[in-house]
Amino acid sequence: MSEQPQKHAASLEWITEKLDNIADLEDKRLLAPAGDARLVFIKSITDSVKISHGIIAPFYEMEDNEAYKDYIRTYPGSEEATTGERALELLLSGYAAVAILDQLYFFDVLHAENSAVSETITESVTQGPSDGFTENLAINLNMVRRRYQSSQLKMESMLIGNLSRTKMAILYDESRVNYDVLAEVKEKLQTLRVDILQATGELEKYLSSDKLRIFPKTIVTERPDRVVFNLSEGKVALMMDTTGYAIVLPSIFNDFFTAMDDKIQFPFVGRFLKFLRVIGVAMTLWLPALYVAFTSYNPEIIRVQIALLVAGSRATVPYPSFVEVLIMLIMMEFLTEASIRLPRAIGPTATTVGGLILGQAATQAGLVGNIMIILVSAVAISNFLIPLNMMSFSVRVLKYFFVIAAAFLGLVGVVSCLVGLMIYLCSQRSFGQPYFRLFFMDNISFRKFKKGGGTDG
Amino acid sequence: MKKVFLLLITILLLLTAGCDFKDIDRRIFVVAMGIDPGEKEGNLKVSLKLAVPQGDITKIDEKMQILTEESYSISEALRMMKSRVEKELDYVHCKSIIMGEKLAEKDIRHVMDWAVRRRDIQLILNFGVGRPEALKVLNIKPQSEHIPSNSLIMAMSGEGTESPFIASVYSYQLMKNVFEVGIDPTLPIIESQGTEQFLINKLALLDKQKIRLILSPDETRLFNLLTRRELRTNLPAHYKGGMYQYYTEDTSASYRIFTPEEGKPYIQYKVKLLGILEENSSQDIVTHQVLQQLSKAGGEELKEGIEKLLVKIQRSGLDPFGWGLRYASRHFNNDTEMRDWKAIYPKLEFKTLVDVDIKYSGMIK
Chain V
70 MSEQPQKHAA SLEWITEKLD NIADLEDKRL LAPAGDARLV FIKSITDSVK
120 ISHGIIAPFY EMEDNEAYKD YIRTYPGSEE ATTGERALEL LLSGYAAVAI
170 LDQLYFFDVL HAENSAVSET ITESVTQGPS DGFTENLAIN LNMVRRRYQS
220 SQLKMESMLI GNLSRTKMAI LYDESRVNYD VLAEVKEKLQ TLRVDILQAT
270 GELEKYLSSD KLRIFPKTIV TERPDRVVFN LSEGKVALMM DTTGYAIVLP
320 SIFNDFFTAM DDKIQFPFVG RFLKFLRVIG VAMTLWLPAL YVAFTSYNPE
370 IIRVQIALLV AGSRATVPYP SFVEVLIMLI MMEFLTEASI RLPRAIGPTA
420 TTVGGLILGQ AATQAGLVGN IMIILVSAVA ISNFLIPLNM MSFSVRVLKY
470 FFVIAAAFLG LVGVVSCLVG LMIYLCSQRS FGQPYFRLFF MDNISFRKFK
520 KGGGTDG
Chain H
4 MKKVFLLLIT ILLLLTAGCD FKDIDRRIFV VAMGIDPGEK EGNLKVSLKL
54 AVPQGDITKI DEKMQILTEE SYSISEALRM MKSRVEKELD YVHCKSIIMG
104 EKLAEKDIRH VMDWAVRRRD IQLILNFGVG RPEALKVLNI KPQSEHIPSN
154 SLIMAMSGEG TESPFIASVY SYQLMKNVFE VGIDPTLPII ESQGTEQFLI
204 NKLALLDKQK IRLILSPDET RLFNLLTRRE LRTNLPAHYK GGMYQYYTED
254 TSASYRIFTP EEGKPYIQYK VKLLGILEEN SSQDIVTHQV LQQLSKAGGE
304 ELKEGIEKLL VKIQRSGLDP FGWGLRYASR HFNNDTEMRD WKAIYPKLEF
354 KTLVDVDIKY SGMIK
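Chains as they are written, first to last, in the numbering used here: chain V, 70 to 526; chain H, 4 to 368.
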């Protein structure tokens with residue numbers, strides 16, 4: 070073969086020296102009448118079946134070494150290393166090194182431990198596909214490609230993390246993507262200097278420059294259909310090996326309130342569901358604040374019957390209304406947080422203890438009013454109407470700002486907080502795209518592409 | 004960023020000092036107010052009906068408290084009452100102000116001015132005249148009532164009963180009627196019958212200052228028929244010795260003022276009613292022809308009643324319908340029109356076109 074300038078590097082001796090203290094390094098000499106070869110690989114990340122079938126068995130079956138060399142060289146996925154560093158990298162990423170006739174070849178025998186394609190956990194839908202992304206990038210790409218069979222779908226790959234060397238894939242539809250966004254993402258990824266990158270959410274953090282941001286600017290999703298839908302809308306998807314989530318960007322505010330069922334449902338049902346979500350957000354944001362405003366500043370807004378009811382239910386409560394609200398809201402947050410962390414077996418117990426006993430007992434003890442319990446449960450439930458988790462967490466935090474504003478200024482505070490929120494939302498950009506763009510404008514601007522399609526390649 | 008936060012917190016803290024943060028359970032709601040003339044000449048007796056909230060909704064039992072104070076001014080009386088309760092008096096839910104009949108016979112303008120001027124009393128509260136006195140009306144506690152004064156609120160606002168005898172008046176309407184030229188205010192009369200019942204079925208017509216005429220229940224119903232749309236009531240029709248009653252499903256009334264060159268000026272009322280036969284004292288079978296005859300007979304009776312009422316009102320010199328205002332709005336000789344109207348008014352004649360259409364009730368024979 071071609072005489073490569075073999076520096077100190079590409080020799081097996083140098084490699085074994087570098088990988089000195091690795092216990093699962095296998096260094097085997099293969100001897101046959103036809104000749105001999107040397108096989109080096111790391112046992113823990115390689116597939117022993119692939120090694121025995123692809124490398125060892127042919128060696129003993131082949132007549133001479135020259136033919137075996139050609140076999141190894143032409144096998145799909147095998148590589149020749151030019152430098153020693155590259156050789157080391159390949160070996161660490163699951164290749165086996167085969168030395169025949171003083172030549173080094175690298176044979177892909179990666180064995181990846183990953184869970185099988187499973188159901189989505191955080192973004193469930195009633196109808197429609199339920200497969201979610203897995204920890205394996207190849208499987209994830211397979212799921213996307215199967216749904217998006219267009220030559221326009223481009224994929225660029227990249228390695229991120231000095232130590233973790235996480236494989237990244239950047240996916241986009243060539244004919245629809247906004248190239249400014251694409252360039253910005255690539256630039257950000259290339260300049261990224263981190264040691265370990267393990268979760269997609271982490272990447273999201275690195276991509277955003279604003280440290281005090283409240284709203285997520287990128288969608289983190291585990292649904293292949295959502296990725297495909299967004300690709301068809303000209304967005305960029307980032308997928309990482311070792312994590313079951315993909316990032317979609319740029320994302321506007323409205324995207325976070327779209328569930329994948331909306332496309333499946335009848336138009337009116339879909340609109341209704343979306344409307345419900347908007348109301349849900351409004352409720353979870355404003356109800357606690359309005360309670361404070363109405364009970365402490367502006368009781369004239371509610372009807373006299375309700376005013377007396379609230380006054381009656383609050384008769385035994387010793388603290389001002391905003392303390393009452395904060396106590397109950399924080400109690401509810403404890404419950405929500407705890408039920409995520411709790412082992413499955415104890416989960417229902419916690420809900421019963423927390424929800425029923427705590428709520429009932431708190432009213433009977435006179436710590437909080439009856440109305441408060443209804444309000445808190447309405448807030449808790451409506452918060453989870455938001456289909457994407459990141460947004461629902463943001464909204465969860467935001468409601469406290471409203472409560473504080475209401476505690477200081479009453480209804481005026483709630484309104485000014487809302488105005489402030491609107492100003493903030495309008496000022497936001499997601500990768501150069503206006504964040505608070507109205508969704509019907511969205512429909513108009515993408516009209517030239519059929520939504521969810523993607524076979525115009 | 005820290006600076007911004009600090010600034011924000013300081014601003015918010017500064018604002019706290021001047022705000023009126025007061026929890027709902029530290030306020031006591033005044034749900035109705037009564038004002039009577041005081042014992043001393045020129046004094047006013049102000050009574051407040053306070054709603055005492057109940058903690059346990061399942062065992063709800065109405066509790067109310069009535070405070071009475073006499074003073075030369077309303078504001079003074081209210082301030083004096085403040086030191087008689089432990090919570091802050093809150094007037095935002097005050098839904099009715101009742102003036103004693105004796106007061107309304109003298110002057111309503113002082114009370115009305117106070118109610119409209121005061122910032123925390125809503126302009127949508129109902130005014131009424133209490134008979135024999137306002138305090139007696141406040142003391143009424145109907146059996147069916149769970150929230151203090153709720154029955155009064157429901158009756159006056161039309162949310163509950165849709166009685167055709169109640170002609171409620173909001174405080175902004177009262178003010179408008181007092182100050183507007185060409186229209187005179189009206190007030191419903193609330194009579195107390197013992198401590199458990201009230202009766203609202205009469206209407207007091209006022210000049211700009213005091214009560215001048217009181218309409219009977221029947222007249223009040225006709226008044227409502229002429230001023231409102233879709234009044235739900237029953238009206239009589241006598242035909243061939245039998246007494247019939249029909250329920251009005253849909254009513255509408257409109258009028259025009261005619262001032263012809265020759266001949267007398269007149270007001271023409273057009274009243275349209277759509278009714279369902281509700282009661283029949285005779286044993287006759289109701290046929291289509293009978294219904295037509297009934298409509299005619301009912302129309303005649305109604306016409307007679309309306310014309311009688313209009314003439315009665317005209318004789319008193321009052322203008323609760325706002326004819327003068329209508330006249331002024333249709334004429335552009337701004338300097339002289341009201342003088343003209345004053346000359347026209349006593350000479351007015353009334354023509355009434357009544358169109359009653361009684362349908363079959365749909366009973367299966």
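To be clear, the hints were calculated from the coordinates, so they are not data collected in a lab. Be aware that one or more of the hints could be misleading.
Claimed, not checked - Derived lysine-lysine pairs resembling DSSO-like cross-links, with alpha carbons at most 27 Å apart:
1) Lys345(H) x Lys274(V)
2) Lys236(V) x Lys255(V)
3) Lys223(V) x Lys280(V)
4) Lys257(V) x Lys223(V)
5) Lys273(H) x Lys345(H)
6) Lys213(H) x Lys275(H)
7) Lys236(V) x Lys257(V)
8) Lys97(V) x Lys87(V)
9) Lys274(V) x Lys350(H)
10) Lys280(V) x Lys6(H)
11) Lys350(H) x Lys280(V)
12) Lys273(H) x Lys350(H)
Given the structure is predicted, the values throughout are model-derived calculations rather than measurements.
Q | Holds or violated: Lys280(V) to Lys6(H), with C-alpha atoms at most 27 Å apart | A | holds, 16 Å
Q. When you check the alpha-carbon spacing of Lys97(V) and Lys87(V), does it fall within 27 Å?
A. Holds, because 17 Å separates the two Cα atoms, which is no more than 27 Å.
**Q.** 27 Å limit on alpha-carbon distance, applied to hinted pair Lys273(H) and Lys350(H)
**A.** Holds. Lys273(H) to Lys350(H) sits at ~20 Å (cutoff 27 Å).
Q: Starting from Lys213(H), check that the Cα of Lys275(H) is at most 27 Å away, please.
A: This hinted pair is violated, its Cα atoms lying about 33 Å apart.
Q.
Between the alpha carbons of Lys274(V) and Lys350(H), is the straight-line distance 27 Å or under?
A. Distance of about 87 Å is beyond 27 Å: violated.
**Q.** Hinted pair Lys273(H) and Lys345(H), Cα distance within 27 Å
**A.** holds, 24 Å
Q: Given the hint that Lys236(V) pairs with Lys255(V), test it: the Cα-Cα distance must not exceed 27 Å.
A: Roughly 14 Å separates the two Cα atoms, so the pair holds.
Q. Holds or violated: are the alpha carbons of Lys257(V) and Lys223(V) at most 27 Å from each other?
A. holds, 19 Å
Q. Quick one, are Lys345(H) and Lys274(V) close enough, alpha carbons at most 27 Å?
A. violated, 81 Å
Q) Does Lys223(V) pair with Lys280(V) here, judged by a C-alpha cut-off of 27 Å? A) Violated, at about 31 Å.
Q) Is the hinted pair Lys350(H) and Lys280(V) satisfied, with a Cα-Cα distance of at most 27 Å? A) violated, 83 Å
Q: Would you check the hint for Lys236(V) and Lys257(V), treating anything up to 27 Å between C-alpha atoms as holding?
A: holds, 16 Å
The structure is inconsistent with the numbered hints 1, 3, 6, 9 and 11, although it conforms to all the rest.
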